[in-house]
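Got chain A sorted already, so can you dock chain B onto it with the hints?
2 protein chains.
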Amino acid sequence: MTRGRRPGQVSSREAVLRAAREEFSRKGYDAATVRAIAAQAGVDPAMINHHFGTKVQLFMAALELPVDPKEHVLAILDGPSNGIGERLLTRFLTVWDSSAGKAGVAVLRTAMQHEWSASLVREFIVNRAISPLLTGLGVPADEAAWRGNLVASQLSGLILTRYLIKLEPLASAPHAVVVHALAPTIQRYLTGPVGTAQDPRE
Amino acid sequence: MTRGRRPGQVSSREAVLRAAREEFSRKGYDAATVRAIAAQAGVDPAMINHHFGTKVQLFMAALELPVDPKEHVLAILDGPSNGIGERLLTRFLTVWDSSAGKAGVAVLRTAMQHEWSASLVREFIVNRAISPLLTGLGVPADEAAWRGNLVASQLSGLILTRYLIKLEPLASAPHAVVVHALAPTIQRYLTGPVGTAQDPRE
Numbered sequence: 023m024t025r026g027r028r029p030g031q032v033s034s035r036e037a038v039l040r041a042a043r044e045e046f047s048r049k050g051y052d053a054a055t056v057r058a059i060a061a062q063a064g065v066d067p068a069m070i071n072h073h074f075g076t077k078v079q080l081f082m083a084a085l086e087l088p089v090d091p092k093e094h095v096l097a098i099l100d101g102p103s104n105g106i107g108e109r110l111l112t113r114f115l116t117v118w119d120s121s122a123g124k125a126g127v128a129v130l131r132t133a134m135q136h137e138w139s140a141s142l143v144r145e146f147i148v149n150r151a152i153s154p155l156l157t158g159l160g161v162p163a164d165e166a167a168w169r170g171n172l173v174a175s176q177l178s179g180l181i182l183t184r185y186l187i188k189l190e191p192l193a194s195a196p197h198a199v200v201v202h203a204l205a206p207t208i209q210r211y212l213t214g215p216v217g218t219a220q221d222p223r224e
Numbered sequence: 023m024t025r026g027r028r029p030g031q032v033s034s035r036e037a038v039l040r041a042a043r044e045e046f047s048r049k050g051y052d053a054a055t056v057r058a059i060a061a062q063a064g065v066d067p068a069m070i071n072h073h074f075g076t077k078v079q080l081f082m083a084a085l086e087l088p089v090d091p092k093e094h095v096l097a098i099l100d101g102p103s104n105g106i107g108e109r110l111l112t113r114f115l116t117v118w119d120s121s122a123g124k125a126g127v128a129v130l131r132t133a134m135q136h137e138w139s140a141s142l143v144r145e146f147i148v149n150r151a152i153s154p155l156l157t158g159l160g161v162p163a164d165e166a167a168w169r170g171n172l173v174a175s176q177l178s179g180l181i182l183t184r185y186l187i188k189l190e191p192l193a194s195a196p197h198a199v200v201v202h203a204l205a206p207t208i209q210r211y212l213t214g215p216v217g218t219a220q221d222p223r224e
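Same order as they appear, the protein sequences are chains A and B.
Under our numbering, the first residue of the first sequence is numbered 23, with each subsequent residue one higher.
Under our numbering, the first residue of the second sequence is numbered 23, with each subsequent residue one higher.
Incorrect hints may appear among the rest.
Since the list gives no way to pick one copy over another, a pair counts as held whenever it fits inside one copy or between any two copies.
Here are the simulated lysine-lysine pairs, DSS-like style, with alpha carbons at most 30 Å apart [as the list claims (entries may be wrong)]: (1) 77 with 188; (2) 77 with 124; (3) 124 with 188; (4) 124 with 49; (5) 49 with 77.
No wet-lab data here; the hints were simulated from the structure.
Isolated chain A (complex conformation) (with noise of 0.2 Å):
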């Protein structure tokens, strides 16, 4: 189920997201446009607009990350705060472990050495996914930074030590076990006392 498949009839799809991975890699997300994607995968411009929309949106089908973010946010916002680290910790590991996971996992690994892919990242787990999450749960302004960096300091290590690098015996270990041990760190960064960016007594 990897990127390898490649079926006898490639389609104006497949081969636009194809040109995409190679534009954004080779570019990076700013110098990316849309119109050598559409030169390279042999389609109209138009074409790529009205099937993915946004260079964002087309990016975030290239790397085949989850097509909405925004519906986990709001399943992970839906229930009592004082359950917000246990409730994103599920989702999270259930993303990384499905199949567009996996894909993820490729992209990150290729990507991570390139400057570009920094603000890539950055952006996405920022505004994509913690910043509306910090938004829902009502967490001042000033605070929503600070507790966003937080959050990411501990998920993007966790798909580095379980995802990446593979540590035993988390790579292995049940959703609920590492929901377990992570929760309460997910839940203090969000809602918890945590100091300010700059100083460390709130």
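Using the frame of chain A, we list chain B on its own:
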């Protein structure tokens, strides 16, 4: 202070380290040989054994990792066990914010995408830093791997977000601020309730 610095005369030591970085990067840890590194540096293999010791020690020198991780572990262990999270993080930040840390970040960025580096990173983190710490703390052997993984999940994410992705405000936050926010996490992973790798209820 990056390794771009290039004096008029390159010492044998520098030549060996440079050759080692190239050889390890190109072939991976297992396939790299001290003989090939010596040939590339134009020195006798015996000189490398004499000055650097084992291949692992040469590898660590090439990556500019802290020369003696054992020393750090001993310093971290020196004090009450309920302050271990704080002492570990304080020292961790000091090392990673130093010039050795900057070199380490550069190496990590390059290495991250290769499968071989996964085992190197795993070996270094677990065997050379976290395991001795857990042993020193008196953590039972059957808990050590799980607790070590959890510590690695937070610390590797801290490296990723603060030093590689450079999330703000985390990347610029003073040590005391980061320690205050993360120490309870590290403390719990080392000595608090975390379940086991098989069962969330310990």
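**OP:** If any of the earlier hints don't hold here, list their numbers in rising order.
**Re:** No hint contradicted; all consistent.
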